[in-house]
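Here is how the chains run, residue by residue.
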Amino acid sequence: MNKEKSISLRKKMILAFCLPTILLFIVNMMLYFGTAKVLNSLDEIYSSNNSLNQLSDGLESLQLATEGYLNTKTSDALEHYYIKEQDYSDLLMAIDDNKDDNEYRVMERNIKRMSLNYLELTNQAVESKRGGNVEKYKAIYEEATRTYSYIESSINSLNNKQFINNSKSYGAMMGALQTIERLNIITLVTIGIANLVFVVLIASTIADPLVKLAATANTVSQGNFDVQLPVVRSNDEVGVVTMAFNKMVISIKDYIAKLTESMEATRKLRENELIMENHVKDAELKYLQSQINPHFLFNTLNAGAQLAMMEGADRTSNYIQRVADFFRYNIKKNKDVVTLKEEIELVDIYIYIINVRFAGEIQFTKEIDEPFYQRKSLA
Amino acid sequence: MKILGGKRKLRSNSALAIAAGCAVAFMFIATIISTVLYKQRMEEAVNLLAEAKYNQYDSYAVMITSNDDSTFWQQVYKSAKDYGKENGVYVDMISQSVDASFSKQELLEMAIEAGCDAIFIEGDDSEETAAKLSKAKRNGIAVFTIGSDADLESRISYIGANSYSVASMYGTALVDNVKTKAKVMVIGANTVNENMESTFINNLQTSLIGENKDNVNLQFEARAIAETGPFAIEEYVQNLFKENDLAPIVICLDEETTAAFYQAMIDYNKVGSILLFGSDKSQTILTGIKQHVIVSSVYVDAEALGKAAAAAVAEYRDTGYVSDYISVDAKLIDSRNVEEELQEVDSE
Chain A
10 MNKEKSISLR
20 KKMILAFCLP
30 TILLFIVNMM
40 LYFGTAKVLN
50 SLDEIYSSNN
60 SLNQLSDGLE
70 SLQLATEGYL
80 NTKTSDALEH
90 YYIKEQDYSD
100 LLMAIDDNKD
110 DNEYRVMERN
120 IKRMSLNYLE
130 LTNQAVESKR
140 GGNVEKYKAI
150 YEEATRTYSY
160 IESSINSLNN
170 KQFINNSKSY
180 GAMMGALQTI
190 ERLNIITLVT
200 IGIANLVFVV
210 LIASTIADPL
220 VKLAATANTV
230 SQGNFDVQLP
240 VVRSNDEVGV
250 VTMAFNKMVI
260 SIKDYIAKLT
270 ESMEATRKLR
280 ENELIMENHV
290 KDAELKYLQS
300 QINPHFLFNT
310 LNAGAQLAMM
320 EGADRTSNYI
330 QRVADFFRYN
340 IKKNKDVVTL
350 KEEIELVDIY
360 IYIINVRFAG
370 EIQFTKEIDE
380 PFYQRKSLA
Chain B
2 MKILGGKRKL
12 RSNSALAIAA
22 GCAVAFMFIA
32 TIISTVLYKQ
42 RMEEAVNLLA
52 EAKYNQYDSY
62 AVMITSNDDS
72 TFWQQVYKSA
82 KDYGKENGVY
92 VDMISQSVDA
102 SFSKQELLEM
112 AIEAGCDAIF
122 IEGDDSEETA
132 AKLSKAKRNG
142 IAVFTIGSDA
152 DLESRISYIG
162 ANSYSVASMY
172 GTALVDNVKT
182 KAKVMVIGAN
192 TVNENMESTF
202 INNLQTSLIG
212 ENKDNVNLQF
222 EARAIAETGP
232 FAIEEYVQNL
242 FKENDLAPIV
252 ICLDEETTAA
262 FYQAMIDYNK
272 VGSILLFGSD
282 KSQTILTGIK
292 QHVIVSSVYV
302 DAEALGKAAA
312 AAVAEYRDTG
322 YVSDYISVDA
332 KLIDSRNVEE
342 ELQEVDSE
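Sequence order for the protein chains is A and B.
Note that the first sequence covers residues 10 to 388 in the working numbering.
Note that the second sequence covers residues 2 to 349 in the working numbering.
Same shape as in the complex, but just chain A (with noise of 0.2 angstroms):
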């Protein structure tokens, strides 16, 4: 017998149910985590296209409110240009001044040139207004004008070309989070179909010993004690309960055998003392038969016939005389061949002693050839 190492069925069962759920678990987290960072990095990826329009809103107001002070000169519009100039100088800070040898980087590094450059000019003007030169403040928002038409076009330019880098980054993106649905779903379905199988395949491990013991058990149950008995092949508690039925079953079918011999035993020797009893009764009987002395009998009833005589009972002499003959054949008939007379003779006699019996009311005719007188046969 091929026995396992020991694993309880308790422990089958766990682990049979709680391993494929930790690799589904595990699966499961793989693609929530994968999705979510993808999802992450999606949104970052048109963070620069997002950037980008803010500074060309942040432009655009700027703009707007210089014109406008120079148009109207009011406190009021000072105020809103002096903010939009600080909006649109914290949103350069974001740019950094690099070196890159990169189309957009250059392109980067001259927006924030080009935009330090028309913020100084946007200043001028202001202050020239507030001076009231006027000559110069014109002069200086023309070309600020100018260097606004530039870092527009320059951040639309930007804009568009990143928009479609940006695009082709989202489209790889999508790329790969559907590459890891589709991964995360075969998956799924590889473990859930191999899951099926390692739990079908535990299952018969378990209930396959078991089918097997009930089987047995249920052929033993309608009397066959000769049926092969299931092999034990584990320790867990299915073999356990295996090895205790194969033992139950053996020693119920020694004890049957014991029974069955000691019944054959017990009726033999019944047998024996039966033949015996008989053995003895016949003993008995002989025995019996043996106390009996014929000499004794014959001379008590010939004695008795005598007496009768005696007395003058003839008939009562008679039937004496005829008993003690009745006797005296009775026990010669166990020895000796004796002829069809003596028998016939017997049988008179016996007529006599019944008629004495019944007064006579016993009417016994024969009629018998000669020759068959002398016939001889065993007493």
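Fair warning: there could be bad hints in the mix.
Under the rule of at most 16 angstroms between Cα atoms (straight-line distance), these lysine to aspartate or glutamate pairs were calculated in the EDC-like manner [to be verified]:
# : chain 1 : residue 1 : chain 2 : residue 2
1 : B       : K86       : A       : D109
2 : B       : K54       : A       : D109
3 : A       : K108      : B       : E87
It should be emphasised that the hints constitute simulated quantities derived from the structure, not laboratory data.
This one's a predicted model, so the numbers in the text were calculated from it and none came from an experiment.
With the hints as your guide, set chain B onto chain A.
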């Protein structure tokens, strides 16, 4: 256990257990493989978004020409950019970066506002350009003229072909092809203005002095296309043909005019009756030479020009000095060497 419709029975419990173990192992392997693939894919995706590491340049140079989209200037730009990349100079043609179209003056102003380190500009003699270049110089920007010189005060160096040697090439071509007295119309556009044409004609005539043959008498007429704007050159050339205001010999001094004139000659069936000498090198012009519509073309080696320009900036940055004039070869293409040139253009 009965499976598959009861036809197979797994008799052995240990076989079941082994199979169960295999299923578990398979699940683990599937999980591991999918984890590995997943990580790979995530890394690929994340790398896409990772901030790229860029090389750093030392100097930022902006190139502005009269016709940034032309084959010639594109070749110059590409050559300058490639050479500059290896020498820490980032050469930028800002008209290519922005979607809107700006004039040369506007581009020049943009370059100055952007605070570049150097400007390559195709020189012209407009006052506006001169004023802007002067402003650039005041802002500490190194100005280099390429292809065509201008404003000697503000610029540090001129990189281009020697105008005399260019003119003498035309002279040689004329002598080879012209046997009689004839009128020669010289047409130029963009940066080629009347002054420059006059200079060219003078140089040409000077170069012809030594070559002059008795029966060759050439009269030169200069035509500078002053109109700017889209299709101006093509319309001017079309008008010449419509009004039959032509000469038996025509010299076009830039790529666009050459191409327009070549096409008009075919359209108006003037092939054979006009000798056309062109400028620059492009697929169209080479085809024209091959078809014997254009006699020959003189071009400046665009690659050499670009390389020389980038080198000049690098040298100026590193040493603080550079030659006032950097010469670049000019070459003549005619029917003898057009095949070679075509092959070169195709291979690019």
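Here is how each hint holds up against the structure:
This hinted pair checks out: K86/B and D109/A have alpha carbons roughly 11 angstroms apart, not beyond 16 angstroms. A threshold of 16 angstroms between alpha carbons decides the hint, and for K54/B with D109/A the separation of about 8 angstroms falls inside it, so the pair holds. Restraint check: the Cα-Cα separation between K108/A and E87/B comes to about 15 angstroms, which is no more than 16 angstroms; the hinted pair holds.
Checked against the numbered hints above, the structure breaks none of them.
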